[in-house]
Amino acid sequence: MRRTFLTLIVALLASLGFAQSDNTLRAPLIGDPTAWPINPPGLISDIMVGKTLFNNLVRFSFEDGSTVVPDLAERWEVDVDSRVWTFYLRDDVVWHDGEPFTADDVVFTVETIRNPDVASRWAAAFVTLETIEALDDHTVRMTFEAPFAPLLATLAYNLAIVPAHVLSSMDLSVPSGPTDFVTNPIGTGPFRFVEQVSGSHFILEANPDYFEGRPAIDRVEFKVVPDVNAQVAQLLTGELDITWTVEPIHYDRLAAASNIVLGEVNIPRFDWIPLNNENPLFQDARVRRAMAHALDRELMVQAVFGGFGEVATGPIPPSIAWVPRDQARMLDYDVELALELFAEAGWTRGDDGLLRNAAGETFRFTLLADRGNPTRDQVYLVAQDAWSSIGMDIQIETTEWNTVLARYREGTYDARVGWWVIKPDPDLYDYFHTDGRLNQIRYSNAQVDDLLERGRSVADQDERAAIYAELQALLVEEQPSILTIYPTEVRATNTRVEGLPDIGFRDALTWLHRASLR
Amino acid sequence: MPKYLLSRLAQSAVLVVIVSIVMFALIASAPGGPAILYQEDVDAEAAATMRRNLGLDDPIVVQYARWAAALVQGDLGTSLSNSRPVAMLIGQRFGATAQLALASLGLALVVAIPIGVLSAVRRNGWFDRIATAGAFMGVSIPNFWLGIMMIVLFSVTLGWLPSGGTGATGDGGWLERLRHLAMPAFVLGTSTMAQLTRYTRSSMVTVLREDFVRTARAKGVPQRTVLTRHALRNGLIPVVTVIGVLVPRLFSGAAITESIFSWPGLGRLAVDAALQRDFPVIMALTLVVSVLVIVASFVVDVLYAVIDPRIRYG
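Protein chains in written order, with this note's numbering: chain A, 1 to 518; chain B, 1 to 314.
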């Protein structure tokens with residue numbers, strides 16, 4: 001009886017205050033994660049847990065987040081014309097179930113991604129792959145039809161290696177992954193799966209057999225906290241140790257808290273207002289440039305992004321530092337110039353202030369919007385305001401996110417607001433090439449296509465840099481869609497968290513085993 | 001009674017089938033489709049393959065038949081969004097929802113019935129006026145606002161209570177869980193509390209004017225006995241009806257409170273599933289809620305008979 005009483009008192013005392021003192025890192029996710037790296041069904045949450053559970057062949061460095069360094073492959077060779085890649089794998093890696101990791105797992109992973117029935121979004125990386133073979137237990141050779149320069153960046157980006165011995169007997173065509181795997185995922189990563197409760201948490205524990213040594217943190221608790229205000233509250237009370245992306249409205253509150261450190265990092269991301277290039281309105285580059293000139297993007301950086309970011313010149317963000325930016329011109333905010341360009345393209349302002357062409361039609365289009373993302377919500381309004389003020393006849397149509405994306409893919413839209421976080425490589429083939437799988441802006445330009453094709457087939461980095469500098473400059477003049485901002489990523493961490501690299505959170509998570517808690 | 005029970009059961013079964021057909025048709029006719037097909041970086045070709053693999057290219061009648069056939073064998077299917085068995089998703093969340101729903105209802109009853117009775121007895125007195133003002137506030141204050149304000153006060157400023165989660169990942173002790181439950185239960189309970197206060201009050205006001213109450217008083221029965229033995233039993237009948245309506249709502253309609261407090265309940269699961277067009281999850285939740293409504297209204301009918309001896313089911 002006395003013991004029970006004592007336990008009770010201790011429990012009571014222990015529960016007062018929440019400054020966490022155990023060796024558990026608590027981090028938020030906006031939704032239930034699914035550990036299916038072959039084709040992450042909900043993307044961001046899935047990728048985050050995947051980065052701690054699995055390894056890639058290579059990864060981005062701790063120091064700069066863009067140099068490719070070894071992961072499961074300890075070294076690699078490429079032949080002169082950049083077609084044949086040989087990867088030498090570590091021989092001291094075991095899966096979380098104790099089985100050894102071998103070259104067969106790599107072959108299996110790539111074959112799974114290439115299987116059309118699996119419909120993996122990463123398949124585009126391997127369209128020119130001729131063969132992949134295991135030369136021995138720890139050597140893999142990939143032979144491509146043509147040189148593929150962005151291979152390493154692609155492998156480091158999101159291509160996690162999965163276990164052949166676990167998955168080979170499962171049905172891989174289920175779009176969100178085989179049930180038996182996602183409910184008990186097996187990886188090689190620094191943390192292994194413990195428990196998942198829907199809507200609540202996804203718990204991992206340190207992998208004592210990790211090939212770079214046991215992580216310093218014992219446990220990682222990914223908590224499902226969909227509401228960003230709630231994330232901030234939990235960060236302030238110490239119930240969370242980190243939030244990966246802080247919304248501008250929360251900067252001041254978090255900056256003032258003594259237990260929180262804010263950190264700003266550059267990431268490979270560009271924000272833009274995609275235009276449907278099949279719409280006759282947007283087929284004149286002068287009109288598209290005029291739209292960029294009419295938008296005060298510097299004001300947008302300050303007012304919408306809280307100063308965290310810079311005005312975009314082209315689609316290649318400055319975090320890809322080896323591509324020179326001096327050729328690309330900045331399209332300054334200049335309303336008069338915008339009106340001149342419109343006039344050259346045949347659009348002049350009438351008495352009612354609206355731009356009209358020779359046939360008397362107004363410059364009428366719809367901005368397809370969704371509700372929910374506070375930053376995107378403001379960009380719609382800023383754009384509508386700026387563009388209507390020079391006489392464009394612009395409507396905002398608000399609908400559901402799914403519908404926005406469906407219409408974006410089908411090309412039944414005029415314009416929307418979006419962004420891409422790309423791999424840290426200027427290979428923008430998917431987005432701007434006529435045959436690009438994500439060319440939802442339906443843009444087609446032979447010169448751009450040629451540069452994109454050359455850029456991925458040349459091995460020499462200096463030569464690639466020159467090609468992409470030219471592409472960047474061309475895309476500024478062409479402005480196939482309105483490039484707006486390169487936002488930086490703002491992370492907030494509890495002061496007890498140490499040793500996280502200052503790189504984008506997706507890649508920072510691949511180094512979580514080096515972090516520790518005070 | 002058994003005859004009544006059987007006919008109620010048969011009616012309910014038919015109702016559930018109709019509800020499931022209507023729901024299936026609604027989901028099928030909604031624009032867009034399962035969120036997994038509409039990720040921004042999934043191209044049209046991959047989306048078409050996934051659609052085929054999920055069996056979504058089949059006619060809607062075939063899809064319904066397949067779903068119903070699996071259900072009859074006790075299989076609720078797997079989520080389109082994350083491949084987890086729907087039974088597992090609902091199972092994991094039902095406990096959290098039941099805790100929150102029962103705690104908020106319990107809190108509401110404990111507060112609302114005494115206040116409602118007292119308000120009726122001291123009608124138009126100062127207590128009644130304050131209670132009425134309080135009830136109107138309780139109904140009018142939006143949950144999201146109250147929740148955020150409570151978090152700011154009790155978690156961020158005072159540091160007394162945790163701001164989110166169930167406490168299941170901590171030491172898991174009952175005290176820890178209770179501390180996590182306090183704010184969400186209060187926030188979810190406020191409007192229930194306010195509504196029940198008003199219902200109890202108006203019902204008691206009516207009952208207190210009845211002849212049998214006057215007779216009891218005339219016979220010299222003490223006020224306390226008049227209230228508890230004569231008036232309250234009759235006054236609670238409409239209140240029980242309201243509770244019957246509120247219970248299913250507390251189980252399924254707490255999405256906002258659940259979001260603010262990161263509470264892993266069925267309400268949030270329902271909203272997410274609806275937004276993601278995750279039809280196996282939507283269908284299963286529809287069944288769960290339909291059954292809850294049916295059970296709750298049945299329990300209410302039985303309770304009538306317990307409270308009011310004049311009511312008998314033959």
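If you are wondering where the hints come from, they were derived from the structure by calculation, not from laboratory data. Yeah, the Cβ is synthetic: ideal placement off N, Cα and C, and Gly gets one too. Careful, some of the hints might be misleading.
As the list claims (entries may be wrong) - Taking lysine to aspartate or glutamate pairs in the DMTMM-like style, the calculated list, with each CA pair at most 20 Å apart, reads:
#1 A:K423 to B:D43
#2 A:K423 to A:D64
#3 A:K423 to B:D41
#4 A:K423 to B:D301
#5 B:K3 to B:D301
What the hints assert, rightly or not - Listed next, with one range per pair, are the computed distances between beta-carbon atoms:
#6 B:L15 to A:V261: 30 to 36 Å
#7 B:A98 to A:T434: 34 to 40 Å
#8 B:I60 to A:T398: 24 to 30 Å
#9 A:R442 to B:V299: 56 to 62 Å
- Hint by hint, which ones does this structure get wrong, listed from lowest number up? 4, 6 and 7
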